[in-house]
Amino acid sequence: MTFLQLARRNTWRKPIRSLLLMVCVAVAFLIYGLTASFTSGTQSAVGASDDILGVMNAAGRAQPLPMAHMARIASAPGIASVAYMSRLRGFVDNERNVVAVSAVDPGLLIAVNGSELGLTPELIAPLGKARDRVLVGRALAEAQGWSVGDHINVTAFQVAREDGSRDWRFEIAGIFAGESPSSDTYFMIARYDYINAARARDRDTADAFIVRPRRSVPSSELAARIDALFANSVAPTRTQSEKQFLEAFLRQYADVGLIVDLVVGAAFVTLLMIVINTMVFAVRERTFEFGVLKSLGFSRTSILSLVLTETLFIFVIGGGIGLALAKLATLFAPPTLGLVFSLSILVKAAAIMLALGLATGALPAVNAMRISITAALKTR
Amino acid sequence: MTDSTKDEAYIALKNVRKSYKIGIEPIPIFSGLDLTIPRSDFVAVMGPSGSGKSTLLNMLAGIDLPDAGELRIGGNRLDRMGETARSAWRAHNMGIVFQFYNLLPMLNAAENVELPLLLKPLSARERRVRVGKVLDLVGLSGREKQYPAMMSGGQQQRIGIARAIVADPELLLCDEPTGDLDRKSADEILDMLRFLNRELGKTVVMVTHDPQAALYARRTLHLDKGSFVEENRAA
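Note that the protein sequences, when read in sequence, are chains R and A. Going left to right, the first sequence walks through residues 1 to 380 as this note's numbering numbers them. Going left to right, the second sequence walks through residues 1 to 235 as this note's numbering numbers them.
Hints in this document: simulated from the structure, not taken from any laboratory. Bear in mind the structure is a predicted one, so any value in this text is a computation, not a measurement. Even glycine gets a Cβ: it sits at the ideal position worked out from N, Cα and C. Treat the hints with caution; some may be incorrect.
[Stated by the list, open to error] Among the chain A residues that face chain R by a calculated CB cut under 10 Å, a handful are: (1) Ile24; (2) Ile27; (3) Ser31; (4) Asp64; (5) Ala91; (6) Leu104; (7) Glu114; (8) Pro121; (9) Met150; (10) Met151; (11) Gln155; (12) Phe195; (13) Arg198.
[As the list claims (entries may be wrong)] Using 27 Å as the maximum straight-line C-alpha spacing, the simulated DSSO-like pairs for lysine-lysine come out as follows: (14) R:Lys378 with A:Lys133; (15) A:Lys21 with R:Lys378; (16) A:Lys225 with A:Lys184; (17) A:Lys53 with A:Lys225; (18) A:Lys184 with R:Lys14; (19) A:Lys21 with A:Lys145; (20) R:Lys14 with R:Lys378; (21) A:Lys184 with A:Lys53; (22) A:Lys225 with R:Lys348; (23) R:Lys378 with R:Lys243; (24) A:Lys53 with A:Lys21; (25) A:Lys120 with A:Lys133.
[As the list claims (entries may be wrong)] What the simulated footprint calls covered on chain R by chain A, stretch by stretch (three residues with Cβ under 8 Å from a Cβ of chain A suffice, anywhere in the stretch; the number is not a length): (26) 135–149; (27) 260–270.
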């Protein structure tokens, strides 16, 4: 028998109580695992790049920029590559099934952020064969049940064709998967020349220019330099990194991360109270035994460690089960939920587990440590 | 044990004072108690309830401290030690046998006996060997896996003794070790304590109400109102 085995035996002496505590802990960590995966996968800018810059109209995202800006941006020092992009938002089949289309020059896009999107020359090659061909992101394709060769019709909310119609027909030429599971792939990549030639308004403009700085050039400095270029033009720009843009975009609805943190925090505080209360009573029930252990020579520190080990045992088993269930859920959940259970979530959860285990064990452990042997032996 | 070591004052209490507060009134237990016990002695302490037997035993175990006076065991001043030092001293120098055995119900016989060894830097194999030896010594080989609830009172007390001696302490303190046993079991336990004293040289201090149990000791001290009033030596 080891010290750890002694703690384990103590934990299992009331199996139903310990199991219920572990279920509580497991549920709390399941909630944490799911919400953190949700935040990581859909609400955070974790997958967004801090290096790639987006140049947009300072007057607002809805205002286009003249294509002439492209050459001036490309000539600025410190720039590795530039691409242009126009957005088309619309729906497929019904208005609630919203999709986004990025109209680009695929050759330029692959140079700017092809690696982040998982684009390869082989993947974009079929786009060259017909102007209405598109690449669809993996998440969008899986959510819609689309596959290569399908024809789809996107009804745009704003971008109308010259004939007044807002219907845009596309043929799916390929599916891109993104660099990592947290990459945003819930959109389509179309050819700019197709959209630009057919649209009724804003021809030869771009909604944004996408810029990749050279390796040694700090993106923040480059952003300021680009904006300075157009400070006195008819279309001043606002340049942000992809990450900054995404964070600002998400924050305009609500600070979902904060809301999630508050919900999870409330769950953990409740859990803390339940476990502390149960452990305090468990220690009180065993006052006599702690007296026996102390009379055998167990020091205050060893008694403290014993109780802390017991609570940690409950948290590690319960928390481990909760996190395993959360991981399973992320594997089986539909991609539209965007759950990403990353290593950082696991590390953070392990730290929380350790901290909560120690915090909940502290009060009962100190109580057990302080028990007087003579008083304890009288409680039989 | 040699005769010279037998004559050493292994336990020495000098002018020990102890009182307990009940409400605001201090109730004196000892007002200047003196006691000397040589190494490898077997002493029975008898006396009526409230005479101070348990308080004396608690002080010898380092569980309780005198208010004043000197408490020395094996050259160590227990009255000057802090709680942590006294815990360590207990773990290495003393074994205790309780009236109601005080075994942990969720541990089997071998694990109960092994408990004091968790405080020593021993390998699992060394612990297993020691546990096997003492279980053999108390006649419970083959019952390692049995839980206390599956054992008779006499068997549980043998486990209690095995636990007390597994760390090989010099001092064995017994608090009414036969108080919960029938005569036959009690005699077996007392035979065992006598064996530990005579053959292994353990110093045994036993608090008891049972005059027959006291006959197993080398000498019997009678405690009344905090003072030793009589001493009988075994023939």
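Going through the hints against the structure:
1. Ile24: violated (19 Å)
2. Ile27: violated (15 Å)
3. Ser31: Result: violated, 20 Å to nearest chain R Cβ.
4. Asp64: holds (6 Å)
5. Ala91: holds (3 Å)
6. Leu104: holds (6 Å)
7. Glu114: holds (5 Å)
8. Pro121: Since the shortest Cβ distance to chain R is 12 Å, the answer is violated.
9. Met150: Interface hint status for A:Met150: violated (16 Å vs cutoff 10 Å).
10. Met151: Hint violated; A:Met151 Cβ to chain R Cβ min 17 Å, cut 10 Å.
11. Gln155: This interface hint is violated because 18 Å lies over the 10 Å limit.
12. Phe195: Result: violated, 22 Å to nearest chain R Cβ.
13. Arg198: violated (25 Å)
14. R:Lys378 with A:Lys133: It is violated: about 32 Å lies between the C-alpha atoms, which goes past 27 Å.
15. A:Lys21 with R:Lys378: holds (17 Å)
16. A:Lys225 with A:Lys184: At roughly 32 Å apart (the allowed maximum being 27 Å), A:Lys184 and A:Lys225 break the hint.
17. A:Lys53 with A:Lys225: holds (10 Å)
18. A:Lys184 with R:Lys14: Outside the cut-off at roughly 36 Å; violated.
19. A:Lys21 with A:Lys145: violated (44 Å)
20. R:Lys14 with R:Lys378: With Cα atoms ~23 Å apart, R:Lys14 and R:Lys378 stay inside 27 Å; holds.
21. A:Lys184 with A:Lys53: At roughly 25 Å apart (the allowed maximum being 27 Å), A:Lys53 and A:Lys184 satisfy the hint.
22. A:Lys225 with R:Lys348: violated (63 Å)
23. R:Lys378 with R:Lys243: Measuring from Cα to Cα gives roughly 65 Å; hence the hint is violated.
24. A:Lys53 with A:Lys21: holds (18 Å)
25. A:Lys120 with A:Lys133: Answer holds: A:Lys120 to A:Lys133 is near 17 Å, not above 27 Å.
26. 135–149: The restraint on the segment 135–149 of chain R is violated, since only 0 of its residues have a Cβ under 8 Å from chain A and three are required.
27. 260–270: violated (count 0)
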